[in-house]
Amino acid sequence: MSSPTPRRSPLGAIESVQHPPQEAQLFERPFLTQINLRLDPADSEALAAIQLVLGVQLPLTPNTTAAGQELLAAWLGPDEWLLLTEHHQPDALVTNLQAALTGHFASVVDTSAGQTVIRLSGPSALDVLARGCALDLHPSAFPPGACAQTLLARAQALLIAVDAAPTFDIIVRRSFAPYVAAWLQDSAHQFDLHFPTSDTA
Amino acid sequence: MSQPFRLDHDGRIHRDAPLQFTFDGRPIDAFRGDTVASALLANGVALVGRSFKYHRPRGIVSAGAEDPNAFVQLGHGARTLPNRLATVTPATPGLEVRHVNAWPSLDFDLMSAFGLAAPFIPAGFYYKTLMWPRRLWPLYEHFLRHAAGLGHAPDAPDPDRYDHVHAHCDVLVVGAGPAGLAAARAAAQSGARVIVADEQAEFGGGLLSTAQRVDGLPAPQWADAATAELSSAPDVTVLSNTTAFGLYESNLVLLAERLHSHQPDNAGSESGARVWRVLPKQVVLATGAHERPLLFANNDRPGVMLAGAISTYLNRYAVAPGSRAVLFTNNDSAYRTALDLADAGVPVAAIADVRLESDGDLPSQARAQGIPIHTGAVVVQAHGRGRVSAAELCSVGGAPLGTVECDLLGVSGGFAPALHLHAQAGAPMTWNPQIAAFAPQPSHDIHPAGAVTGHLDLSSALRQGTAAGAAAAAAAGCSNGHTPAAPRAAETPSSDLEPYWLPPGDLARAKPQFVDLHEDVTLDDLRLSLREGFESIEHVKRYTTLGMGPDQGKLANPLATGVIAQLLGRDPASVGTPRHRPAYSPVSLGAIAGRHIGPLADPVRVTPMQEWHESAGARFENVGQWRRAWYYPHPGESMHEAVARECLAVRHRVGILDYSTLGKIEITGPDAGEFLDRVYTNAWKRLRPGRCRYGLMLGEDGMIFDDGVTARLENQRYLMFTSTANAAPVLAWLEQWLQTEWTDLRVYLTSVSEHWSNIALAGPRSRQVLAAAGTDIPLARQDFPFMTFRQGHVAGVPARVFRISFSGELSYEINVPADRARHVWEALFDAGRPFGITPYGTETMHVLRAEKGFIIVGQETDGSVTPDDVGLGRLLSRRKDFLGKRSLSRPDSVRLDRKQLVGLLTDDPAQVLPEGGHIVDAPGRRRPLPMRGHVTSSYFSPVLGRSIALAMISGGRATLGGRLYVATLDEDRWLPARSCHHVFYDPHGARQHV
Amino acid sequence: MLLIPCPWCGPREDDEFTFGGEADIPRPADPDALTDEQWADYLFMRDNRRGHHREQWCHTAGCRRWFVVERDTVTNEILGASTYGDSQ
Amino acid sequence: MQFYSLPSLIRRGLRGHRDWTPAWRKAEPKPSYDVVIVGAGGHGLATAYYLAKLHGVTNVAVLERGWLGGGNIGRNTAIVRSNYLWDASAHIYEFSLKLWEGLSQELNYNVMFSQRGLLNIAHSEQEMRDLARRVGANQLNGIDAELLSTDQISKLVPVLNTSPHTRYPVLGGTLQRRGGVARHDAVAWGYARAADALGVDIVENCEVTGIRTASGRVTSLETTRGEIRAGTVGLVVAGNASVLASMAGIRLPIQSHPLQALVTEPLKPVFDPVVMSSAVHVYIHQTDRGELVLGAGIDAPVSYDLNGNFRIIEHVLAAVCELFPIFSRVRMLRQWAGTVDVCPDASPIISGTPIKGLFMNCGWGTGGFKATPGSGWVFAHTLAHQEPHPLNEPFSLDRFTTGALIDEHGAAAVAH
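Protein chains in written order, with our numbering: chain A, 1 to 201; chain B, 202 to 1195; chain C, 1196 to 1283; chain D, 1284 to 1699.
Fair warning: there could be bad hints in the mix.
Claimed, not checked - Only some residues are given here: those of chain D computed to face chain C with a beta carbon under 8 Å:
{"hint": "1", "residue": "Ser1525"}
{"hint": "2", "residue": "Val1526"}
{"hint": "3", "residue": "Ala1531"}
{"hint": "4", "residue": "Gly1532"}
{"hint": "5", "residue": "Leu1535"}
{"hint": "6", "residue": "Pro1536"}
{"hint": "7", "residue": "Ser1539"}
{"hint": "8", "residue": "Ser1586"}
{"hint": "9", "residue": "Tyr1587"}
{"hint": "10", "residue": "Asp1588"}
{"hint": "11", "residue": "Asn1592"}
No lab work stands behind these hints: they were computed from the structure.
Each residue gets a CB set at the ideal place from its N, CA and C atoms; glycine is no exception.
Excised from the complex, chain A in its bound form:
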């Protein structure tokens, strides 16, 4: 289902307007579908039902992600996950999940508009993040597929290690996005990284 109304991301992107090239080392990935899912990990029936809908088994190991063809599931807590996809519309996914979980104690909540994703990649990505993130993001400690909710400077963020470039997805709440973007820009400037200028805002 496509929406008649263009969406606006917190960092100025407007849906269906041409985005800056994604080979940049620092850019927003706006308008991803983001669903917050809560269920009891001991409810194996529910887990199985979810796997059928998502095509991915929910990661039960803390601070890891599970990637499927069309969707990434990130562990947020022992009974909480974030589903991240660009292939499903939020409403449809919520409906499917709710249907699959009928009769189970579970919660499916669309949070797509409430947060955004910033992608940072390249050899200096670790140095940029180290300026505001206390976690050890060295590949030996935080390999691709790892995720962590933590603080980035003075904002909460979910970090996902995407690949060994290294590439990170940084998921932040909408109202914090301008701050996080400004902070990233500030930290990245000594490595000559900038958000691509966009004429869409």
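Knowing the structure of chain A, use the given hints to seat chains B, C and D on it.
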């Protein structure tokens, strides 16, 4: 002649890179690689500063961060750096160096008159005088303040940038002298991630100042090779110019890296310093040791230096700090200095050695060179004023041995381990009689190595370092089977040190003997302190200010321990040392603050409509981290006028408010209703889906914590609104009860505050505007009554619409996904134009709610207010328990004279009461005057055409209509008013039900 | 700076957490049956021990779970952590 | 007691300062006293002094675990003010401030009380409302207080950044001109010397290890230097109140937290008043030596650790660099922490206990130093009469049962 004291060979200075800086305006020639101190010495400048209290002339004492005298001011204006040590400041072209703490000039300091008064202003003199007459104390204090202080603060904001970096490693090596370099190599060879830091510009520490050899190479060359090896290793971070200034619990080590632009003349660059927050698994402390000064009369004269520093200036900087030297020692190390001096062609007129015998390797070599050695001898006094001119010797028994002319007096009282970092964290240290100093005890994750352990010999430093590096790597779980070999250096057999604290007998008692050069604390001050009962080392420190200068007593404290022990006849171990506190060396506030300043000081949170508000000319207010539209003045309009216009627009037509900052929590699960019953004061289980209810949440102390509307979206799904400020605290509070106390309740909480934006449409025409904007929700009163919610679309966007009201008018709060909120806002605004729609901000919102007597948590309440106090007792369920209920029956909660919410109407309808103003029954000038309460909210109400106020008044509800007076900040001006019911407008709520 | 061992996420710096005070203070089952003194004891009185201390923490900036940490309040040494599931 | 004065200083100076005597005796503990005060900090020593001076009770011992004045009196930021919101607090702090104004002469010991003014600044509309409320209450309670505009603040402290373009601009503030700072160690020493001169035994290195009671009355204290009998015992042990109270089986509504402070290197005078901002948790002043003294917010977790959390320092210094951009290049010299005992309402307990003869003076949180003279004065009265003085009656332990809390969270510059 330029640089008369520069040696013509060797040293690590770059003779091909001459440069010039100024000292008090006078040009100083130097080379790249010099410090300011080495260049001043090369130019024969002995006097670099004046002491803190007596303004005595002072010179350079050391070649490092421990110097008590060499404080100077660098640069000027915004880039000036006060109180920097010449001994660690690299000489750079054009650098402006000035003395501190002398007036009018360094050579002629009028404040040295304090020195003449010294007999009458001993330690703590100010506690005993300057008390009379009492009114003159501010004058005395003014004088004291202006005499004190050192350098000057900059006069403009700091143009530099300070960086922060988090770092992790297996092994952090602090110090890159022989032990540190060996440790870092060993750890790296074991496969560990290593960070190695040293405070100096070049790695090598003592290796750079010695003529000894390591693995067959001259020591400096070996240091260079080891450094190069580390720099090229993949998982090793090499940080020079980097001081480890604090070691905290969890092994958090803070490093301050001075970047090239640490200089005040770095106009072209922008980075000042970088603070590294390192969390190593293991720490190797190779922090070395500080040479201890010795006591004798006038031991503060320029030209009196630490013996080791003399060697450093000779070998590393190719500077002879004098032309004829006397050395005074109680150990072998000064003999190495004697040999270095002799090598450089500086005659050594005498060595006074406290010990009766000195037969180690080095003394033998010195003796062989024909240097006059007096064993069992001490220096008891330095002669000369602006610079030392002679040393007066006598035997340890007190027999005079004559006076020896010299312009350089090198002293060595042994070495005290630089265990500051170790001790900061409260780690144990023990008194080591061999070195007459405290030494650190290793722990499972801190490995001391080298001179910090009390072992001064180069070969043992290299061995210890290698062992510590390997052990630390192994303890961090890094082991690749490689056993690193220790670099080799010749062993130098040495004989023991003989502790020496006090001059024999009462020698030269009349002249000051300084224990702490920076703070001008003399031996007599210590005696006085002990005499007056200030015996604990902390008492001595506080009474005399021992060790409280910017040098942190690095030289003074180890000396004082021994001196006090001897004066008290006690064991130095029991005397102890003042507690070591971070920072080891001072660190600028800006470096610690990092980037959390200016635009990045704190996140600015904005809603999706921010740009619209800005273009509409809104003024904003900070509400926590949120930036909210406050009011929207038209050109030329005052705030009062704008708010009045906005208020009337809502009351008569329609207004639109961005209310997106409210907290929103989805509460899901079969026990959601039961959960709400427990956290809210009123009953929830019977609320039907599709309906909304106002709820009050209390702390367990019975005081109002938060309020807001909650809607039952579906049978097992509720949406709770919280106040903006309490969005996070309420969620945390609810989760705490669910997770720790009510673990049997099946309820999930999910914050949707940011997903849903909230647009409030308020006013009699809001229904028409909503219809005009396009919605599939039936809006007729009977289809969509007050306190219900509907789901549908608004302006083509999926929406949850709540018919709730914080203004008392017909109102819709329209929740739409934040990424389409701007579109919906604009659609509503466009649709509203024909109806006179007016955007309104938080100020108008406050006026409207005050007209209706609605409270704002945090404004009417202050943590001491119960529901009944604000007239909401009807919301307290009697049929169930809820959080805070029990507290409401405590004696103080049922007092009849509790402060209660009332309205206030001034006699003069134009008079707006001051918020926070206090209320009395009868005005007067008596103080204290009993107060009945205070004004919590006060506005001019445009719709009522008069001022209104809300107030919390003791026993207020029982005395409605009574005459009261509100105080102003002018004690003779009182504003008369009468109390009234707190709902001023539409008391029966007819308007919101239409 | 404390490294708080979140039972799920592992040790993290303390600014990711909210301190929740002494653990093991259950809410009385029937508050109305308590005297004012007993209620005050539940509400305000704390052991505030020097030494071994059981306390609540929430990994606010992480997994949002509340759990119990045992810590020496003099040395700040962390002695252990457990989830509410474990301890019940 | 040797009288301190300029002539005596000169006279003894001419003799090489050899005939000064100890400021207080190193007393050996006697087996029994009328009153024993546990804790030789500011409050305990002041209590002993006023007991002897005003109530004629001189058979008094002050027991100290370590060295005199080594607790919070030796670790605080030395700020004195009385601009508290609620009547009960305003009255006791103002009473204390009046005692400060004559303290150096009273004790013949210069405590260097410097009334250079104390400025509270506000950064939000709600804070302005709260400050206005506080100023109004202060004035009606007879306490000097002024509401200042941003312009007035800028004139008073030109180095403060009052630009409207900062993250949290300064919107206004309050000034208490009689507020200021004092030399904190000297307060302990001055009271110790004066109490000693009146016959009080000050016993250092004497740790209390147990409190003995019989039929609901305190009878004696067990100490590392033997048992000491006393019918009246006052516990004045900031940072250890819960520990001592637990020896008598008493639970307190107190949690102990580290509170940090730091000083910079000394500078020539830059600004005069004490500046406090509760929104950004900063208080700062310049000492007579020229150092900037900065206080921070308390560490959240309960702890008796004396190092403190460096993160708090980072936050406070970021705030300071925002407020005072010219201090960015000034350097932190030394950082330390003390342990503060905090009550749920941020007000102290000066009270009897369920055990007869056992009294507590504790829970001052971050406000203890400024209250030292007044606290000692009312506690001495309480011990002498076995019942509270009207000034400390509201600060009873009982208030946590009745609910009559005195919530001063807004008045402390520190978020609890």
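Hint-by-hint comparison with the structure:
Proximity of serine 1525 of chain D to chain C holds as hinted, the smallest CB-CB distance being about 4 Å (cut-off 8 Å). For valine 1526 of chain D, the shortest C-beta to C-beta distance to chain C is roughly 5 Å, which falls under 8 Å, so the interface hint holds. With a cut of 8 Å, the hint placing alanine 1531 of chain D at the interface with chain C is violated, because the nearest CB-to-CB distance is about 14 Å. This hint is violated: glycine 1532 of chain D has a C-beta 12 Å from the nearest C-beta of chain C, more than the 8 Å allowed.
Because the beta carbon of leucine 1535 of chain D sits about 7 Å from the nearest beta carbon in chain C, less than 8 Å, this interface hint is met. This hint holds: proline 1536 of chain D has a C-beta 4 Å from the nearest C-beta of chain C, less than the 8 Å allowed. Given hint, serine 1539 of chain D at the interface with chain C, holds; its Cβ is 6 Å from that chain's nearest Cβ, closer than 8 Å. Against a cut-off of 8 Å between C-beta atoms, the interface hint on serine 1586 of chain D holds, since the closest Cβ of chain C lies about 5 Å away.
Look at tyrosine 1587 of chain D: its Cβ gets to within about 5 Å of chain C, closer than 8 Å, so that hint holds up. Interface hint status for aspartate 1588 of chain D: upheld, as the beta-carbon distance to the closest one in chain C is roughly 5 Å, under 8 Å. At about 5 Å, the closest approach between the beta carbon of asparagine 1592 of chain D and any beta carbon in chain C falls short of 8 Å, and the interface hint on this residue holds.
The structure fails hints 3, 4 (numbered hints given earlier, in ascending order).
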